[in-house]
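Which chain is which? The protein sequence lines are A and B, in order.
Those letters in the first sequence? Residues 40 to 325, by our numbering.
Those letters in the second sequence? Residues 40 to 325, by our numbering.
Watch out, some of these pointers could steer you wrong.
Any copy, or any two copies together, can satisfy a pair, since identical chains are not distinguished.
Stated by the list, open to error - Below, computed lysine-lysine pairings styled on DSBU-like, alpha-carbon distance capped at 35 Å: (1) Lys41 to Lys51; (2) Lys41 to Lys264; (3) Lys120 to Lys59; (4) Lys264 to Lys143.
Hints are computed from structural coordinates only; laboratory data are not their basis.
Residue-level listing of the chains:
There are 2 protein chains.
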Amino acid sequence: MKVVKKLNEMSKISSSLITKGFVLGLVPTMGDLHEGHLSLVRLAKSQCQKLIMSIFVNPTQFGPREDFKKYPRDFEGDYSKAIKEGVDYIFLPTDEEMYGTDYKTFVEVSKLGSIMCGRSRPGHFKGVCTVVLKLFNIIKPNRAYFGQKDYQQVVIIKKMVEDLNLSVDIVSCPTIREKDGLALSSRNKYLSTEERKSAAELYRQLNLAAEMIGGGERDLGKIEKIITGNLKKVKHIKKVDYFNLRDNVSLKELKHAGVSGQKILAATAVWVGGTRLIDNIIIKIE
Amino acid sequence: MKVVKKLNEMSKISSSLITKGFVLGLVPTMGDLHEGHLSLVRLAKSQCQKLIMSIFVNPTQFGPREDFKKYPRDFEGDYSKAIKEGVDYIFLPTDEEMYGTDYKTFVEVSKLGSIMCGRSRPGHFKGVCTVVLKLFNIIKPNRAYFGQKDYQQVVIIKKMVEDLNLSVDIVSCPTIREKDGLALSSRNKYLSTEERKSAAELYRQLNLAAEMIGGGERDLGKIEKIITGNLKKVKHIKKVDYFNLRDNVSLKELKHAGVSGQKILAATAVWVGGTRLIDNIIIKIE
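In isolation and in its complexed conformation, chain A is listed as follows (with noise of 0.2 Å):
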């Protein structure tokens, strides 16, 4: 496995790789790797000959007042976990390789970048973007591998991807959790022993709103009610960014569950402390 920290190096690289006629893969990461990383992995090893991830926690993604200093970093974890799934390169760019001194030009994808987490968060969705289009220019991988528990991004990808005519596929893979249902997340190292146990609430009540529909409640917006006063009242729950059930492609609001097949999302966005949780199911009416 080769370290690649250079933009021009990697670009080569991957030219030469193409040039011999290689299927890339693409695994994008901020480093710190957990399972819900290493399942993108073996994913893309199933299905690619030369796998690249990269490690690069992206300054254009985090607010002025977010974690982006204290988001963790560990790569020599990151190191070994890596070369034991079998990945051909890391690109470990620094922040100056990637946007140098006087960095201007950035992607949005409108309305799908400031609903949910882009409400919260605003700009997020324009780092990730551009970033995320930067790293397809410098690699030009034939796939790119997202986890579904950034459900949104992945939304948001896709659209840009089909808009800007490139000629990536973007793969998406199930989120991973802990026995209790907490979804993997690198924040999940914030938080505290009373506030984890707090954190599982989330996917017991993506849960719940799943088996109220289940049970025949096609009031979407009754549902939402009840499971945002939920979480309300959970301990160490500080705040509810939100909780919606939209439509699982456009993410269009719904009022109502509709016809048998429909799919909707459920995704949320909680504060635990002062660590900034999201999570997300899909729920199909049968």
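Got chain A; can you put chain B on it based on the hints?
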């Protein structure tokens, strides 16, 4: 010469040409070809092995009160000019093909896109960058050719290419002019005979600025004021959007001319009757 209307077909043709090892040149145009465009084609022909010209009057770069609908369109004329110059492919997509019905993704180069023409045409360069990026992604050219008449556009596209790590070379070509100095532009067609005479004053005033600098004047603010005043007095000139002397690379405003060898962009946009015209020259300090 083949005319390609479908985006997927264009993309396939391009990929196949790249696989065969051809150096691809792209000349992006809005059609209504004149000698300015043809000079780009001739340079591209001399540097590339296969030449694609796109013809697309891009709706997203026109403001709501601008001339999108009346912009000159003459595909028959364009076709015969392009075939004569040895263009290999004309890419002629529809609005629907380029933007569909649910288009959401836009690219912006901050600061550079909101000065000069960006001030009087908000959103213009966002539309330009977006369509150019789309064309680059569809066609994947090695080189793309732009006229220096749209100087700010060239600077912005170069910055976008650098920032987004695109692997296309941007080549810019000198402005082609009528005998009296008027820069060729499809919009010159809008001018009445009387307005046409006044339009030649743009180039004269740009050269007057050069003469003033050549004569030793170093106070650029003073020159801007004099030239703007001169332009305002010209018959049929309804409004001077700007006359600026700026750094030719950063486009930063300059108050004073500096050392020998410095290059200054003199650029202007004025309304001649109901027609907005732009022009520029580069002034080198001796």
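So, going through the hints one by one against the coordinates:
1. Lys41 to Lys51: both (14 Å within a copy, 33 Å between copies)
2. Lys41 to Lys264: neither (50 Å within a copy, 59 Å between copies)
3. Lys120 to Lys59: within (27 Å within a copy, 39 Å between copies)
4. Lys264 to Lys143: between (41 Å within a copy, 30 Å between copies)
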